[in-house]
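Model the full assembly from the supplied sequences, consistent with the hints where possible.
Line order of the protein sequences matches chains A and B. Here our numbering is used: the first residue of the first sequence is 1, the next is one more, and so on. Here our numbering is used: the first residue of the second sequence is 110, the next is one more, and so on.
Read the hints as simulated data drawn from the structure, not as lab findings. Be aware that a few hints might be false.
Below, a list of computed lysine-lysine pairs in the BS3-like style, where the Cα atoms sit at most 25 angstroms apart [claimed, not checked]:
| id | chain 1 | residue 1 | chain 2 | residue 2 |
| --- | --- | --- | --- | --- |
| 1 | B | 810 | B | 996 |
| 2 | B | 807 | B | 996 |
| 3 | B | 787 | A | 64 |
| 4 | A | 64 | A | 27 |
| 5 | B | 1019 | B | 1105 |
| 6 | B | 1019 | A | 27 |
| 7 | B | 807 | B | 1019 |
| 8 | B | 161 | B | 449 |
| 9 | B | 998 | A | 27 |
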Amino acid sequence: MLILHCPNCGVDADETELAPGGQAHLKRFGPGSSDEDFHDYLFARENPRGVHFERWRHAHGCGKWFHAARDTATLEVFATYSAQTTEPPQAVLDAIAARRPGWTWRHES
Amino acid sequence: MSTRIAAHGRLIDRAKSVGFTFNGKPMRGYAGDTLASALLAGDQMVMGRSYKYHRPRGAVASGAEEPNALMGLGEGAKFEPNQRATTTELFEGLTARSQNHWPGLEFDVGAVNGRLSRFLPAGFYYKMFIHPRAFWKHVYEPVIRQAAGLGRVPGGRDADTYEHFHCFTDVLVIGGGVAGLQAARSAAASGASVLVLEQSAHWGGRAPVDGGTVDGAGADDFVRETVAELEAMPNVTLRNRCMGAGVYDHGYALGYERLTDHAPRAGGPRHRLWRIRARRIVTATGAIERPLAFAGNDVPGVMLASAMRDYLVNWAVAPGRRVIVATNNDDAYRTAITLKTSGIDVLRILDARSSGGGALMQEARALGIRIDCGRAIGRVSGGKRVRSVAVCAQEGTGGALEEVECDAVAMSGGWSPVVHLWSHCGGKLIWDEARAHFRPDPERPPRGADGEGFVIPAGAANGELALNGILGDADEAGKTAARGAGFKPARSKAPRGETVEEAPLQPVWLMPRHADAHLRAKAWLDYQNDVKVSDVRLAAQEGYHSVEHTKRYTTLGMATDQGKLSNINGLATLADAIGSEIPQVGTTTFRPPYTPISMGAIAGEARGAIFQPVRRTPMHGWHEANGADWEPVGQWRRPYTYLRDGESQHDAVMREVRNTRQAVGLLDASTLGKLLVKGPDAGRFLDMLYTNMMSTLKPGKCRYGLMCSENGFLIDDGVVARIDEHTFLCHTTTGGAERIHAHMEEWLQTEWWDWQVHVANLTEQFAQVAVVGPDARKLLERLGGMDLSAGAMAFMEWRDGRIAEFDARVYRISFSGELSFEVAVPASQGLAFWEALMDAGREFGVMPYGTEALHVMRAEKGFIMIGDETDGTVIPQDLGLGWAISKKKEDYLGKRAQARPHMTDPTRWKLVGLETVDGAVLPDGAYALAEGVNANGQRNVQGRVTSTYMSPTLGRGIAMGLVLNGPDRMGEVLEFPGTDGKTYQARIVDQVFYDKDGEKQNV
Ligand SMILES: [Zn+2]
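Here it is as structure tokens:
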């Protein structure tokens, strides 16, 4: 029963108000993409024990989507932020790095 | 003999006698008794039989950890099985029945299992039930099912009510013993809001029984004063009879309050589930004494030493007159001293430690109690109660030194902190070598959203077993919790506790240490599931070295008490058997709830009519008053058909179809989803959502559209009307409105967030009526108003206007093949409009029709239905809907997926019509047989029925189905076996059975 702060309406929302939407920052592949790219887009998901980026919808609240960066093992929440971005903002990456020294975002590893 | 004594009894009121029955026998106790203490006072030692061997069992504990004394309480609609007698407060008229025996508690046929125990070893069920297969039907199911199970399932509907409470607090303190009370006081002094939960009816926990002083006064006084102080604080809430049931992510916790179990005539809800959000949680849950593993440690009369002390001090009950105490620590001496000073004979203290204990031992010796050090119980003899004890050397194999006759045994194997609530949300444990127990590891607490530990253990639950240590630890825990919740703790000193200094314990996991196989097979670890030392050793021998595997293989700790008494003894036994150390073996996972909670409390008020809200259209009441036979569709109720006097459901449907096809019918279509999509990019957006082109639709026109998931599968369909340049109204299926709305929002918010489009769900703002049949136009014209002639409004067009006095938007669309107008009016006008149509339609023979007639008519026309022809694996191409898939568009959701190899496979089953050779109705969901068998020996199949109906229009059964190469096999006859034993022959035909050219709808 997580509590996540909805950046759209400002409410600290109980998990019962939220609907999960799986991994964040997927890149959509459409017509013309390779079978492999499309397969990965549709089916391949990260399942880390540790830092993870997720999509959530404040379904029984303001109805808006947002992203959460959190630790799947300790349940620590580093930040919640707008869903309208293709990559985590620098401030979010900094917040994670401060708590998890040595951790890097996918492109940086 | 187990009796009431003159001394003690701090919790009972001897002036108030209370009558109750046990297995129908009238008995009496006192106000303040538990059911267990009252039974013991009446010399009722046997309280039930064990689950597997049906051995007679009595209470071994005095609280929530009790594994044996489970009862069926109450009668009829108030009956509840598996209630612990030790936590059941006595009340006038209580009825209790013991469990797990047939025919009676005293004589039980199933006890023969005990004699067969060597044939029922660990893993028995796994080993036994593999072969032979035929035994399942004739032996295992009927025989074992009969004997298995714990308690009896209640017969009727639960007559009680339940409720949920939602609450927020800065600090939640679980446990109302001295640690919990002190932690609450220290936290509350900072100004933080504090909620304290105590599972029993009494504050103070064990301290008033165990003795000692706090700041010079008795523990009872400290408890009374602290409770009074907390009650006076506005920021503190105290709740007894309320168990902290579970701790979950981010400070969520459940409390389980038993409001009227002790006073069933009080009225109001029986249980209340507290749904709590706390910034910090203090677990002051105490500790539980461990039994000793010796042969016959389950004979009624063998009891935890602390429990025996509780029965004496709290309820003035002596479970025996001649008692033997066995221990590996000093605490059990308190029981011996209490027994002796209450006038009970203590025949021996068998102290497993070769040098015995400390000051408490001296005190016991001074009272004249005989103390034998380095001694153990070899075995306890007795059936329904203790008869004698064979005394042996602890370091031996069990050779008896002497046999002592007695009628009760008090045992103590040391204390284990109650770490359950600490562990529920991931708190880790460390092994404390000196005290031989697991306690919370302060470095690895459960963490909250801020990354900090949010659970703080206090007192005995944190491994502090002496009073002064408990109070100091609790004071610190309360302050830490307040600080963590954002408050500044007040400067204060912890109260000073004084108790007798105790000598160290000596871990004893088997008594005697080298007990032979014969004794090990009678030394119980898990009373409730009948698991013995021998079972765990056998599991280890068979390769079950992981504690989680051993647990499942032997069922150790899997009973309703979740191994509260057996856990540590069991894993110590396993560690010994595999030559490992206890911390390496580790514990099994602690899962909530701490003790079982009622299903009623979990459901709360959500039952019956308010389990789920029912959505009603504006015409719902009219339908109800006119014979509606309801069908649930999502949260809506829709009339399946309207029954007339004496009419069968089938006849009603046939009548409605015929009347609609021949005259005119009305359908309440208000439940169809109506999503308004508006904005400069609305057309572009809908082109991505639908498989066909929507941006080219002209205002005033309608188009049928299909929606697919990104996986390519068909998820919804419906008619889209273009309102103006920037506005579309998308109709969805009844069940799809919310889902499709969310689908649109997801893509708009998370992928195309720069597109200028808004979506609004208008479903409930309009009542919609389908006026269908050859007389549909005549009926609407009788009401008067807008021009609905073919010239003014062609098929697949819509217009705004007025019909009679109603504001109407009319869509000329048809799902039945007939001339049809779907008229939307504001929801507030819905009922009046419907009644006006019924009124004006009388001369045309108008009748309402329900969802089944709708289904029959759409099937006659070969229209698909989402959820019938689709099941989440079907793509539009399977359904011959290629005409509704744009070839021109570069992209739409599902387009790329529909190009994957499996989606373009020519052997995908395709939609066709099916017509039985003899006119019968095909069974729904039946499969078409193919030649040969598959790898499982089942017949191969080549298709299945997706929709099947009796068509009154054609006078025969019609169906649709998905068939291998179906469209290329017109005229072929397939075989469909039904579950009724018959095989149906059906011919593959075109799926449009009625008016293939669409002349009827186009007039
Ligand atoms: Zn929100």
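Cross-check of the supplied hints:
1. For the given pair, residue 810 (chain B) sits about 21 angstroms from residue 996 (chain B) by alpha-carbon distance, which is consistent with the 25 angstroms threshold.
2. With a C-alpha separation of about 19 angstroms, the suggested pair residue 807 (chain B) and residue 996 (chain B) falls inside the 25 angstroms cut-off, and the hint holds.
3. For the proposed pair residue 787 (chain B) and residue 64 (chain A), the alpha carbon gap of about 18 angstroms is at most 25 angstroms, so the pair holds.
4. Restraint check for residue 64 (chain A) and residue 27 (chain A): satisfied, since their Cα atoms lie roughly 20 angstroms apart, inside the 25 angstroms limit.
5. The suggested pairing of residue 1019 (chain B) with residue 1105 (chain B) holds, with an alpha-carbon distance near 19 angstroms, which does not exceed 25 angstroms.
6. For the given pair, residue 1019 (chain B) sits about 33 angstroms from residue 27 (chain A) by alpha-carbon distance, which is inconsistent with the 25 angstroms threshold.
7. Restraint check for residue 807 (chain B) and residue 1019 (chain B): not satisfied, since their Cα atoms lie roughly 33 angstroms apart, outside the 25 angstroms limit.
8. Restraint check for residue 161 (chain B) and residue 449 (chain B): not satisfied, since their Cα atoms lie roughly 37 angstroms apart, outside the 25 angstroms limit.
9. Distance hint between residue 998 (chain B) and residue 27 (chain A) is fulfilled; the C-alpha atoms sit about 21 angstroms from each other, no more than 25 angstroms.
In this structure, the hints that do not hold are numbers 6, 7 and 8, in rising order.
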